[in-house]
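*Asks:* Residue numbers (my numbering), protein chains in the order written: chain A, 217 to 404; chain B, 3 to 108.
Please note that the accuracy of each hint is not assured.
Below, in silico cross-link-like pairs of lysine to any residue (SDA-like), each with a Cα-Cα straight-line distance of 20 angstroms or less [what the hints assert, rightly or not]: (1) A:K350 - A:E365; (2) A:K350 - B:F53; (3) A:K350 - B:N61; (4) A:K350 - A:F360; (5) A:K350 - A:F364; (6) A:K350 - B:I68; (7) A:K350 - B:L60; (8) A:K350 - A:A271; (9) A:K350 - B:S64; (10) A:K350 - A:D265; (11) A:K350 - B:F71; (12) A:K350 - A:Q267; (13) A:K350 - A:W362; (14) A:K350 - A:I262; (15) A:K350 - B:L73; (16) A:K350 - A:P363; (17) A:K350 - A:V272; (18) A:K350 - A:I275; (19) A:K350 - A:L268; (20) A:K350 - A:L361.
Derived Cβ-Cβ restraints for the label pairs, each shown as a range [claimed, not checked]: (21) A:A402 - B:T99: 42 to 48 angstroms; (22) B:V88 - A:T358: 35 to 41 angstroms; (23) B:V88 - A:T359: 34 to 40 angstroms.
No wet-lab data here; the hints were simulated from the structure. Beta carbons: idealized from backbone N, C-alpha and C, even for Gly.
Now for the letters of each chain:
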Amino acid sequence: MSELVFFLIFAGIALVAALGVVLAPNPVHSALSLVTVLIAISALFIIQDAQLLAAVQVIVYAGAIVVLFLFVIMLLGVDRRESTEEPHRLQREIALFVGLVLVVGLVALLAQGWATGAPATRGVLTPVGSNNIKAVSESLFTTFLWPFELTAVLLVIAVIGGVVLARRSSLPAAEELDELEADAEADQ
Amino acid sequence: MILGTQLGPEPYLVFAAILFTIGAVGLLVRRNVLVMFMCVELMLNAVNVTFVAFSRALNDISGQAIVFFVLVVAAAEVAVGLAIIVAIFRRRRHGATADDIDLMQG
Chain A
217 MSELVFFLIF
227 AGIALVAALG
237 VVLAPNPVHS
247 ALSLVTVLIA
257 ISALFIIQDA
267 QLLAAVQVIV
277 YAGAIVVLFL
287 FVIMLLGVDR
297 RESTEEPHRL
307 QREIALFVGL
317 VLVVGLVALL
327 AQGWATGAPA
337 TRGVLTPVGS
347 NNIKAVSESL
357 FTTFLWPFEL
367 TAVLLVIAVI
377 GGVVLARRSS
387 LPAAEELDEL
397 EADAEADQ
Chain B
3 MILGTQLGPE
13 PYLVFAAILF
23 TIGAVGLLVR
33 RNVLVMFMCV
43 ELMLNAVNVT
53 FVAFSRALND
63 ISGQAIVFFV
73 LVVAAAEVAV
83 GLAIIVAIFR
93 RRRHGATADD
103 IDLMQG
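With the hints as extra help, turn the sequences into a complete structure.
*Replies:* And the structure:
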């Protein structure tokens, strides 16, 4: 079997599901289509010899991010059809036009020999006696060590930001504390 | 290398361009904030496909390492973005689409 067959199968699945993300009126259906896109893309990673990224794609994206999406959809109770009316005049037409310009421009750039460049002299894809995971981790912990440490800071900032944004204001918490103290006193 | 005949990067790049465009158009067309976020994820994934395709074409592992950083940024963005959405929905129960959040509109 040639790579082309697999590419056509999974690229087709990914594109159809991507249209599903955009067109589904129900946000839950959009999220499920997104999972399909992500898994199809992880299959594309596998046929390009990026096994580690394929695994990470399934674990982080399909396993964590989409579950978070579904969790928020259910928490907010927006799991129903929404109206597909467009309040702004010409918004859809202009959006489709922008999309057309974007895709034609990108493909035209590609046809102009955009996809060229010098092959790497260091950090070869699969060194002799090594494998994909070893090669990626060596690159991460040598060439990209400093950015890698910075991502840890970024994640901490994101966690703190999420906690600060999603908690209720401090006032009810203080009230709850007072109630707890009152209950404790009443028990004594 | 697990498959016999190999492809060049071009089919993957065309695929990524189409996927990116679907995400961009969805971001412009949809009104639901959650679905708009999913469209941003589509665009990020299209870029990841491009990175991996170039990584193989140029025989350079750095492309795959950079996809990790894109993943981290996507995860951080989703965590903060969904927290903002939850905060908005808590304030206004009904009709929290992108059009209803217009406090800063002149």
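*Asks:* Indicate, hint by hint, whether the structure satisfies it.
*Replies:* These are the hints, each one checked on the structure:
1. A:K350 - A:E365: holds, 19 angstroms
2. A:K350 - B:F53: Satisfied, since the Cα-Cα distance of roughly 18 angstroms is no more than 20 angstroms.
3. A:K350 - B:N61: With a Cα-Cα distance of about 15 angstroms, the restraint between A:K350 and B:N61 holds, given a limit of 20 angstroms.
4. A:K350 - A:F360: holds, 14 angstroms
5. A:K350 - A:F364: holds, 16 angstroms
6. A:K350 - B:I68: holds, 15 angstroms
7. A:K350 - B:L60: Since the Cα atoms of A:K350 and B:L60 sit roughly 18 angstroms apart, the hinted pair holds (cutoff 20 angstroms).
8. A:K350 - A:A271: At roughly 14 angstroms apart (the allowed maximum being 20 angstroms), A:A271 and A:K350 satisfy the hint.
9. A:K350 - B:S64: holds, 13 angstroms
10. A:K350 - A:D265: holds, 13 angstroms
11. A:K350 - B:F71: holds, 17 angstroms
12. A:K350 - A:Q267: Roughly 11 angstroms separates the two Cα atoms, so the pair holds.
13. A:K350 - A:W362: Since the Cα atoms of A:K350 and A:W362 sit roughly 19 angstroms apart, the hinted pair holds (cutoff 20 angstroms).
14. A:K350 - A:I262: holds, 16 angstroms
15. A:K350 - B:L73: holds, 19 angstroms
16. A:K350 - A:P363: Holds. A:K350 to A:P363 sits at ~19 angstroms (cutoff 20 angstroms).
17. A:K350 - A:V272: Status holds; Cα separation ~15 angstroms.
18. A:K350 - A:I275: holds, 19 angstroms
19. A:K350 - A:L268: Judged against 20 angstroms, a Cα distance of about 9 angstroms means the pair holds.
20. A:K350 - A:L361: Distance ~15 angstroms between A:K350 and A:L361 Cα, so the pair holds.
21. A:A402 - B:T99: 42 to 48 angstroms: Given about 46 angstroms between the Cβ atoms, the range holds.
22. B:V88 - A:T358: 35 to 41 angstroms: Holds, since B:V88 and A:T358 (Cβ atoms, about 39 angstroms apart) stay within the stated range.
23. B:V88 - A:T359: 34 to 40 angstroms: At roughly 38 angstroms between Cβ atoms, A:T359 and B:V88 fall inside 34 to 40 angstroms, so the hint holds.
Hint compliance for this structure: no hint is broken.
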